[in-house]
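Order-wise, the sequence lines are chains A and B.
Everything in the first sequence is counted per the numbering used here, starting at 1 for the first residue and increasing by one.
Everything in the second sequence is counted per the numbering used here, starting at 316 for the first residue and increasing by one.
Take the hints with a grain of salt, since some may be wrong.
As the list claims (entries may be wrong) - Only pairs whose alpha carbons sit at most 20 Å apart, straight line, appear in this in silico EDC-like list of lysine to aspartate or glutamate:
hint: 1; chain 1: A; residue 1: K70; chain 2: B; residue 2: D596
hint: 2; chain 1: A; residue 1: K70; chain 2: B; residue 2: E592
hint: 3; chain 1: B; residue 1: K687; chain 2: A; residue 2: D172
The set of hints was computed from the structure by calculation and includes no laboratory data.
Remember, it's a predicted structure, so these values are computed and weren't measured experimentally.
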Amino acid sequence: MSTFLTEEPTLVTDAAASTRLSSLDTLESEAIHIIREVVAEFEKPALLFSGGKDSVVMLHLATKAFWPGKVPFPVLHVDTGHNFPEVIDFRDRTVDRLGLKLVVGSVQEFIDRGELAERADGTRNPLQTVPLLDAIQSNKFDAVFGGGRRDEDKARAKERILSLRDEFGQWDPRNQRPELWNLYNGRHTVGQHVRAFPISNWTELDVWRYIERENIELPGLYYAHDREVFARDGMWRAVGEVSQPLPHEEVITKTVRYRTVGDMSCTGAVESAAATVRDVVIEVAASTITERGATRADDRISEAAMEDRKKDGYF
Amino acid sequence: MTTDIDTARAAALLDEAPLASASLFRFATAGSVDDGKSTLVGRLLHDSKAILADQLDAVARTSADRGFGGAAGGIDLALLTDGLRAEREQGITIDVAYRYFATDRRSFILADCPGHVQYTKNTVTGASTADAVVVLIDARKGVLEQTRRHLSVLQLLRVAHVIVAVNKIDLVDFSESVFREIEADVQKVGRELGLGSDGITDLLVVPVSALDGDNVVERSERTPWYTGPALLEVLETLPAADELESHLESFRFPVQLVIRPQGALAPDAVAGGLDVEEYRDYRAYAGQITEGSVKVGDKVSVLTPGQDPRTTTVIGIDFAGASLEEASAPQSVAIRLADEFDVARGDTIAAAGTVRESTADLYAQLCWLSPKPLREGAKVLVKHGTRTVQALVRSVNGKLDLATFNLEGASSLELNDIGHAQLRLAAPLPLENYLHHRRTGAFLVIDPLDGNTLAAGLVKDHPGDHEDERYSI
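My request is simple: use the sequences and hints to build the entire structure.
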């Protein structure tokens, strides 16, 4: 590389290529470094854990980061009250298996107390912000791990790995700290907290390949199954207690799976025959639709939907 | 409503290519206003099929709303990289945005750095983790002062590969003479900077049309006089920084924390057959290898501020239940040592005898990233590796004119300035010259009042030590 202005770039030799870490190993190593930095520098971190695949991967990384010790922080779930029962069951089993403390912030309790109002469209995802901030404040969490990834959304593409939030949980995209080398600056003042996103640099395909490689268990609804569904807003919505078809919406049974697992009132299923993790990896690799566009009604409200919710203190 | 399956693409990604062993390559883009950087990034993503159908639909709708009629089927590719509402409203890019795409040879992380006002801040941020940086030049304008500034910053940060993309080559009728003239100018600037001639950084120049796609993903027939590779081919084949550096460097391992469960073992590990008795007194040092590699049996020095280095032997390298014989940068592992020293976060484990004495006198280049200026006598925090210490700014010894590369007299640094400074640290640190150590030679300057990052710091040798020619400005 010492010649000036080489005509052809130096080629990667087979020997050099084989000694490099694979991209998954590099991403895993980076995530574990970030998780350890946050645990070392903060007083009281917690991990947002919904039972969704990104949070399951986060928890798996945390178990690897501190092996053979226990994961040294509690998990926090904001329960909309409209979650899929099998996901809640999965959450409880996982917490039990790893001997973790679970903190639950309940949207339903806030509605019952009159501190939150049900939305006209019935979607409870945007209502999670208040119970989340309440749980952070009342438990004095100063760092909250999330499974957010930059490939999910335009606003997330610009968010730091350590993202400072003010007293109101707000994100200020125009005033972010530069993030240099692998030196993360998590300093904050009283009342502020930090959201940490160790898998920022992972893509959806990376997540699935990692789930396959590490043999990580997920809630069953990520894999193809038969379900009673109806069409709404261009998605297949599950029939459930809180997700009822309107008279003109025909209920049919389809083989579907979920690409994201959120609130039943706004998460749609996709038709899929991918019954195993290998099938899903191939499907994701081949998919021509990004996951949020395909299955989240709340991100369609406006072009800047995610940005607005993040500024208000959302995940 | 259904997930469309392009099985050919899936097969290409998963079966024909060794995806499981494909490596990661990080690069950044830098450019001036209106040189077509957003279009180039959009083109790379679009032509490497990283743009998915629903994103493309949204962009096509917006393009139509705005009456755009470009060559890419009426799609304004620049819209693909617009992120925040304020950016769409003002038609500008505010902040570094990260993009992801993969070919069958590599996975890419692209830090898309806007080129206007805060160019130094953004370029420094993007380049600090990059294996390569693509700098854009408008073929109609040639090398501008902004280009010189960009190249200057990249030289300071020791980015392994600098690729200059001469864009809008279609607007100069694919003229070879225009390209050769710009290429010669770039070489001249490179020589003045030492870029490409120092054995660390290399410099390539590629003619492209981001709008039409010439030489972006495929080599173009409209530039027959250019025999080099297309931009994406360059990015797919350049060695990553750690491939170039790993054999040159000695092992460095800043300790993040001590793993010492004292009986509080992970229940799932115990359920999986972990011997509770064997792990009762387990003690290992967790961290990420920043440089070089380590093997079980290697002699290492433990560097603790204020103490003499202590030498011991590596007896184990653990990672989540696996015992490794050897590990190298950038792996995250846990290391066990033969002697029961008191080792804590902030200490560094290094190959024995390869690190000079820790010092409290810090000579550095500072890239000032804050609107709050640096003044002599200021008290700041310095974050180096896993340790943060207080520091006093003893003197500011001038700032760099990025256009001429001359050091000018200055006693303060403002936003986007790059200058020289001397700091006195409250505790000695194992500082190393950034020129040879991109991780242990780097540090942050932090405001103790509000915690904000003020500067990116690059450690220089002490005056009087053997100093590199290019740094003695």
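Now for the hints, and whether the structure bears them out:
no., hint, result
1, A:K70 - B:D596, "holds (15 Å)"
2, A:K70 - B:E592, "holds (16 Å)"
3, B:K687 - A:D172, "holds (18 Å)"
In this structure, none of the earlier numbered hints is contradicted; all agree with it.
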